[in-house]
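4 protein chains.
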Amino acid sequence: MNPVDTLAELFKEFPGIGPRQAKRFVYYLMTRSTAHLEELAARITELKKNISTCTECYRFFTKNNVPSPLCSICKSSNRDKETLMVVSRDVDLDTIEKSHSFNGTYFVLGGTVPILEKNPETKIRLRELTNTITAKAKHGLKEVILAMNATSDGDNTVHFLEQQLAPLAEKHSLRISTLGRGISTGTELEYSDSETIKNALKNRG
Amino acid sequence: MNPVDTLAELFKEFPGIGPRQAKRFVYYLMTRSTAHLEELAARITELKKNISTCTECYRFFTKNNVPSPLCSICKSSNRDKETLMVVSRDVDLDTIEKSHSFNGTYFVLGGTVPILEKNPETKIRLRELTNTITAKAKHGLKEVILAMNATSDGDNTVHFLEQQLAPLAEKHSLRISTLGRGISTGTELEYSDSETIKNALKNRG
Amino acid sequence: MNPVDTLAELFKEFPGIGPRQAKRFVYYLMTRSTAHLEELAARITELKKNISTCTECYRFFTKNNVPSPLCSICKSSNRDKETLMVVSRDVDLDTIEKSHSFNGTYFVLGGTVPILEKNPETKIRLRELTNTITAKAKHGLKEVILAMNATSDGDNTVHFLEQQLAPLAEKHSLRISTLGRGISTGTELEYSDSETIKNALKNRG
Amino acid sequence: MNPVDTLAELFKEFPGIGPRQAKRFVYYLMTRSTAHLEELAARITELKKNISTCTECYRFFTKNNVPSPLCSICKSSNRDKETLMVVSRDVDLDTIEKSHSFNGTYFVLGGTVPILEKNPETKIRLRELTNTITAKAKHGLKEVILAMNATSDGDNTVHFLEQQLAPLAEKHSLRISTLGRGISTGTELEYSDSETIKNALKNRG
Chain P
1 MNPVDTLAEL FKEFPGIGPR QAKRFVYYLM TRSTAHLEEL AARITELKKN
51 ISTCTECYRF FTKNNVPSPL CSICKSSNRD KETLMVVSRD VDLDTIEKSH
101 SFNGTYFVLG GTVPILEKNP ETKIRLRELT NTITAKAKHG LKEVILAMNA
151 TSDGDNTVHF LEQQLAPLAE KHSLRISTLG RGISTGTELE YSDSETIKNA
201 LKNRG
Chain F
1 MNPVDTLAEL FKEFPGIGPR QAKRFVYYLM TRSTAHLEEL AARITELKKN
51 ISTCTECYRF FTKNNVPSPL CSICKSSNRD KETLMVVSRD VDLDTIEKSH
101 SFNGTYFVLG GTVPILEKNP ETKIRLRELT NTITAKAKHG LKEVILAMNA
151 TSDGDNTVHF LEQQLAPLAE KHSLRISTLG RGISTGTELE YSDSETIKNA
201 LKNRG
Chain W
1 MNPVDTLAEL FKEFPGIGPR QAKRFVYYLM TRSTAHLEEL AARITELKKN
51 ISTCTECYRF FTKNNVPSPL CSICKSSNRD KETLMVVSRD VDLDTIEKSH
101 SFNGTYFVLG GTVPILEKNP ETKIRLRELT NTITAKAKHG LKEVILAMNA
151 TSDGDNTVHF LEQQLAPLAE KHSLRISTLG RGISTGTELE YSDSETIKNA
201 LKNRG
Chain B
1 MNPVDTLAEL FKEFPGIGPR QAKRFVYYLM TRSTAHLEEL AARITELKKN
51 ISTCTECYRF FTKNNVPSPL CSICKSSNRD KETLMVVSRD VDLDTIEKSH
101 SFNGTYFVLG GTVPILEKNP ETKIRLRELT NTITAKAKHG LKEVILAMNA
151 TSDGDNTVHF LEQQLAPLAE KHSLRISTLG RGISTGTELE YSDSETIKNA
201 LKNRG
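Chains as they are written, first to last, in the working numbering: chain P, 1 to 205; chain F, 1 to 205; chain W, 1 to 205; chain B, 1 to 205.
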């Protein structure tokens with residue numbers, strides 16, 4: 001294979017990128033200077049050099065030449081240690097942080113448990129989660145919020161985690177909660193499903 | 001104008017119908033039998049003959065040859081008289097009823113109050129609403145739920161009604177509530193706005 | 001069924017209208033005056049009274065109190081009698097007329113021949129078309145343009161008509177032609193299929 | 001800026017990529033092995049090392065360790081030397097080649113001339129094009145096909161080139177042609193604009 005097709009094959013594995021756009025990426029790169037391509041290549045190579053996975057919440061974080069096993073959130077003394085929010089992916093954590101509506105700590109599952117999945121424990125960091133919860137329970141943890149997507153995979157992951165965490169929750173008197181359902185910004189009542197309306201009524205304020 | 005264009009002009013006023021589709025409606029009708037057109041015309045003419053506007057909730061309802069000023073919901077002894085849900089349009093009421101999650105009574109505003117509207121009272125049935133609330137307050141009404149769309153017009157209508165109903169609410173010790181906001185079925189956390197996340201956290205269960 | 005649902009059922013048969021929009025039409029009509037509904041009903045009932053089907057081209061046309069078996073195009077002495085354009089539906093004829101690029105006469109097939117259709121002759125006015133061509137051949141007709149959609153049903157209709165009209169074309173020395181394929185206004189080369197490019201090259205000017 | 005944001009900034013410059021997807025690319029890369037990232041970086045760095053720009057048609061081509069100023073098409077003795085197709089970008093050339101409907105040679109302009117552009121000659125390889133045409137005219141060139149998009153920019157580029165190439169065309173008796181317009185595969189007559197219909201009629205076959 002020629003260099004164009006070889007590189008296009010690699011871009012095709014990027015999330016949401018089809019063969020046509022992958023090729024357009026390559027043609028775009030060919031119009032850029034050699035210096036720019038070297039800059040891009042360097043950033044890709046170094047990506048993981050400066051990035052660590054936090055040993056407590058498992059999110060990716062920048063080391064900034066300061067060796068530390070913990071990310072800035074887990075290290076911070078300003079975060080509320082009583083609530084732990086479990087999210088699927090780093091992007092979800094980013095979205096929550098940007099909303100400035102949560103001041104507790106996080107745990108990144110690294111995936112979801114699809115419906116009918118035979119080996120759920122291979123899809124998410126279950127053992128790591130129970131370890132983190134056990135450790136945090138000794139330091140004031142009171143609530144675990146399962147913050148999953150309102151999709152069938154998200155619902156299934158909530159269901160699986162509720163079962164798996166039940167003994168731990170009972171042992172340490174932890175509340176296991178989920179995100180409130182209701183009408184989300186921008187939606188019209190007429191197009192809302194019964195489940196959403198039921199929750200919007202239950203959670204009325 | 002010829003009969004085709006004259007009728008197309010009338011169809012163009014239908015909600016969501018442009019000139020092209022209006023004309024397609026006419027061509028469609030020309031392929032139907034004269035009997036079918038007469039049937040359609042008869043149903044349109046008789047539409048309002050069998051339909052009344054309920055004097056209590058202002059929704060449209062079918063008379064069924066039984067003269068009554070009230071619709072089946074307002075007449076029913078099985079509906080909870082303590083909660084009144086205020087909706088914009090009949091379709092919203094239909095959607096709520098289909099969700100089987102509400103057993104109180106309704107009030108149809110007949111519209112919304114757009115932002116910057118100079119004469120809000122001309123857009124919705126405000127006087128009729130205060131009359132209905134005053135009357136129901138004497139028969140056990142405890143809460144008025146403002147069930148508007150989660151859009152800017154909906155939010156503005158809620159804001160306007162809260163101001164207008166405040167004296168009445170105080171006088172009769174009524175709770176004025178709104179639909180709970182949160183993540184609606186099918187949405188992913190990553191694409192949720194800060195307002196929705198804030199509410200999803202507040203309403204967690 | 002109540003008047004709302006009965007009428008909604010009739011609107012659901014309109015082209016491109018689903019149950020939700022059908023109901024929205026009914027609610028819209030309920031907000032209009034009784035006079036408006038009667039006007040609409042009258043226009044629907046009278047639709048076919050003033051409309052005839054042209055006995056030559058089979059398009060719908062307005063009678064305007066002047067009884068005539070022919071539409072304005074077929075009656076006109078300014079139209080070129082040497083070319084006959086065969087279209088599927090009245091809307092196609094309207095689109096061509098609006099383009100001011102054709103001055104011949106038309107024939108409206110009244111449908112298309114879907115692929116694998118067992119009884120093609122029941123789907124379109126085939127006998128009427130051969131009659132019209134035979135009659136026009138005696139008065140100078142030289143070319144029949146099969147102006148179908150560039151879709152698989154359109155292509156199939158062209159194929160079927162070419163076969164059916166072949167004997168007639170030979171007998172009267174008629175040219176049977178089809179619309180030129182090529183790049184249509186607004187399209188980009190990159191997204192064009194091989195068939196379109198082949199034709200764009202063949203028809204280059 | 002941290003490594004994630006720095007890399008996301010570079011991906012944001014990729015064609016059609018917004019800030020959200022740029023970040024998703026970075027997160028995706030973090031889940032891949034260091035070996036995979038090094039492979040990707042190597043392919044990007046080497047991209048231009050093995051790629052040359054053809055000195056005749058200006059398309060990108062793979063050198064394959066065989067030093068040559070010409071691409072495989074320009075070098076080939078099987079290509080028809082009488083027709084030269086001028087395209088905007090390499091992707092257009094790829095699309096035409098895939099259609100197997102053209103056997104002449106190409107010239108890649110490297111861009112288009114937008115409407116009202118003050119310095120058109122800075123947007124496209126005009127001098128290189130006239131040089132190529134002059135050289136090819138001595139070896140049997142008879143026709144130059146301006147194969148631009150059927151968009152306003154494409155039309156403007158055609159118009160500009162026709163003016164610029166007029167003296168050369170006259171001097172060497174060259175035909176300057178453009179792609180045929182017409183109904184493209186998949187379109188319906190009803191939705192076609194007047195220009196397209198006019199061309200479909202002109203190019204009927």
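Warning: the hint list may mix true and false statements.
Repeated chains share a single entry, so a pair holds when one copy, or any two copies, can fit it.
What the hints assert, rightly or not - DSSO-like, lysine-lysine: derived pairs with alpha carbons at most 30 angstroms apart: (1) K48 <-> K198; (2) K138 <-> K198; (3) K142 <-> K198; (4) K81 <-> K202; (5) K23 <-> K171; (6) K12 <-> K118; (7) K49 <-> K118; (8) K138 <-> K12; (9) K23 <-> K75; (10) K202 <-> K118.
Derived from the structure by calculation, the hints contain no laboratory data.
Here is how each hint holds up against the structure:
For the homomeric pair K48 and K198, neither the shortest alpha-carbon distance inside one copy (45 angstroms) nor that between copies (32 angstroms) is at most 30 angstroms. With identical chains, the CA atoms of K138 and K198 are at most 30 angstroms apart between copies only, with a shortest distance of 28 angstroms across copies and 37 angstroms within one. In this assembly of identical chains, the alpha carbons of K142 and K198 lie at most 30 angstroms apart whether taken from the same copy (28 angstroms) or from different copies (20 angstroms). With identical chains, the CA atoms of K81 and K202 are at most 30 angstroms apart both within one copy (29 angstroms) and between copies (18 angstroms).
Proximity of K23 and K171 under a CA criterion of 30 angstroms is satisfied in neither setting, with 55 angstroms inside one chain copy and 39 angstroms between copies. For a Cα distance limit of 30 angstroms, the shortest separation of K12 from K118 inside one copy, 28 angstroms, qualifies, whereas the shortest one across copies, 38 angstroms, does not. In this assembly of identical chains, K49 and K118 lie within 30 angstroms of each other by CA distance neither inside one copy nor across copies; the values are 35 angstroms within and 47 angstroms between. In this assembly of identical chains, the alpha carbons of K138 and K12 never lie at most 30 angstroms apart, being 46 angstroms within a copy and 44 angstroms across copies at closest.
Within a single copy, K23 and K75 get their C-alpha atoms only as close as 43 angstroms, which misses the 30 angstroms cut-off; across copies the closest is 24 angstroms, which meets it. Taking the shortest alpha-carbon separations for K202 and K118, neither the intra-copy value of 34 angstroms nor the inter-copy value of 34 angstroms comes in at or below 30 angstroms.
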